[in-house]
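Could you put the whole structure together from the sequences, leaning on the hints where they help?
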Amino acid sequence: MVKNKLRKSLLKQGLALSEDFIKPSSTDIQNKFIEFLDSQTIKNILLYCPFRQEIKLDQVIKNINKKSIKIYLPKVLPQKKLSFNLYTSESDLIKNKYGILESNNLHCAQVHEIDLLVIPFLGVDRHGRRLGYGGGYYDRALENIQTLKSVPLIVGIGYEYQLLKEIFGENHDIKYDLVITESNIHSYV
Numbered sequence: 001m002v003k004n005k006l007r008k009s010l011l012k013q014g015l016a017l018s019e020d021f022i023k024p025s026s027t028d029i030q031n032k033f034i035e036f037l038d039s040q041t042i043k044n045i046l047l048y049c050p051f052r053q054e055i056k057l058d059q060v061i062k063n064i065n066k067k068s069i070k071i072y073l074p075k076v077l078p079q080k081k082l083s084f085n086l087y088t089s090e091s092d093l094i095k096n097k098y099g100i101l102e103s104n105n106l107h108c109a110q111v112h113e114i115d116l117l118v119i120p121f122l123g124v125d126r127h128g129r130r131l132g133y134g135g136g137y138y139d140r141a142l143e144n145i146q147t148l149k150s151v152p153l154i155v156g157i158g159y160e161y162q163l164l165k166e167i168f169g170e171n172h173d174i175k176y177d178l179v180i181t182e183s184n185i186h187s188y189v
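Take the sequence shown: its letter number 94 is residue 94 in the numbering used here, and every next letter is one higher.
Just so you know, these hints were derived from the structure itself, not from any lab.
Just so you know, not all the hints are guaranteed correct.
Unchecked claim - Pair by pair, the computed Cβ-Cβ distance ranges are:
| no. | residue 1 | residue 2 | range |
| --- | --- | --- | --- |
| 1 | Arg52 | His127 | 39 to 49 Å |
| 2 | Gly134 | Lys165 | 14 to 24 Å |
| 3 | Gly135 | Ser187 | 22 to 32 Å |
| 4 | Asn105 | Ile42 | 13 to 23 Å |
| 5 | His127 | Ser9 | 13 to 23 Å |
| 6 | Ser187 | Asn104 | 33 to 43 Å |
| 7 | Pro50 | Asn105 | 13 to 23 Å |
| 8 | Gly136 | Asn105 | 35 to 45 Å |
| 9 | Lys149 | Gln13 | 31 to 41 Å |
| 10 | Ser39 | Asn4 | 17 to 27 Å |
To be verified - Listed next, the in silico DMTMM-like pairs over lysine to aspartate or glutamate satisfying Cα-Cα at most 20 Å (straight line):
| no. | residue 1 | residue 2 |
| --- | --- | --- |
| 11 | Lys32 | Asp177 |
| 12 | Lys70 | Asp92 |
| 13 | Lys56 | Glu19 |
| 14 | Lys12 | Glu160 |
Ideal Cβ placement from N, Cα and C applies to all residues, glycine included.
Next up, the structure:
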């Protein structure tokens with residue numbers, strides 16, 4: 001399958017990145033996202049805890065903590081479902097079965113209550129469709145997002161090499177409104 005080949009290739013490329021590239025690029029990406037965030041009016045944001053080569057969000061979280069914005073994190077539930085649990089401090093974090101940190105706070109938000117969704121990716125096709133790790137967690141959690149009265153903005157942050165010229169996205173795949181990389185801000189609206 002095309003997606004599986006792309007996943008393997010992108011994971012391999014990610015593992016080959018040097019710290020000399022990762023550190024400044026991650027800082028640039030976070031700074032661009034913070035600048036974008038400062039132009040938005042939001043009360044609730046979905047972030048993620050980085051896994052593998054995903055962009056760290058430490059600077060973003062520090063910036064958000066200075067504002068009155070609630071942070072939510074995805075939490076893996078049985079039957080391959082996700083909930084979006086409130087994040088309040090490092091002590092709220094526990095590792096799930098995949099080794100990804102998630103909030104153990106019992107307060108959850110529904111998709112329609114979140115203004116901005118920051119969703120990690122392995123790749124993005126030229127139409128803004130997301131390629132993830134293959135579990136479909138985000139796709140299922142957001143499958144009815146377009147039916148909401150107020151649709152949250154969906155943003156991806158990653159490296160430029162992860163944006164592909166191919167078209168591999170399917171109707172069930174998440175489509176980004178915006179993707180921020182170390183060198184560009186790509187709009188898919």
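Now the hints, each set against the structure:
Between arginine 52 and histidine 127, the C-beta spacing of about 24 Å breaks the proposed range 39 to 49 Å. The given range of 14 to 24 Å is respected by glycine 134 and lysine 165, whose C-beta atoms sit roughly 21 Å from each other. In this structure the supplied range 22 to 32 Å holds for glycine 135 paired with serine 187, their Cβ-Cβ distance being about 27 Å. Checked against the hint of 13 to 23 Å, the C-beta distance between asparagine 105 and isoleucine 42 comes to roughly 19 Å, which is consistent with it.
The hinted range of 13 to 23 Å is satisfied by histidine 127 and serine 9, whose Cβ atoms lie roughly 19 Å apart. Against the hinted window of 33 to 43 Å, the Cβ-Cβ separation of serine 187 and asparagine 104 comes to about 36 Å, which satisfies the hint. Judged by the Cβ atoms, the range 13 to 23 Å given for proline 50 and asparagine 105 holds: they are separated by roughly 19 Å. Separated by about 24 Å at the C-beta atoms, glycine 136 and asparagine 105 break the suggested range of 35 to 45 Å.
Taking 31 to 41 Å as the suggested C-beta distance range, the pair lysine 149 and glutamine 13 conforms, at roughly 40 Å. Hint check: serine 39 to asparagine 4, Cβ distance near 38 Å, so the stated range 17 to 27 Å is violated. Among the hinted pairs, lysine 32 with aspartate 177 is consistent with the structure: their alpha-carbon atoms are about 15 Å apart, no more than 20 Å. Pair hint lysine 70 plus aspartate 92 holds up; C-alpha atoms about 14 Å apart against a cutoff of 20 Å.
Among the hinted pairs, lysine 56 with glutamate 19 is consistent with the structure: their alpha-carbon atoms are about 13 Å apart, no more than 20 Å. Our distance criterion of 20 Å between C-alpha atoms is met by lysine 12 and glutamate 160, whose separation comes to about 15 Å.
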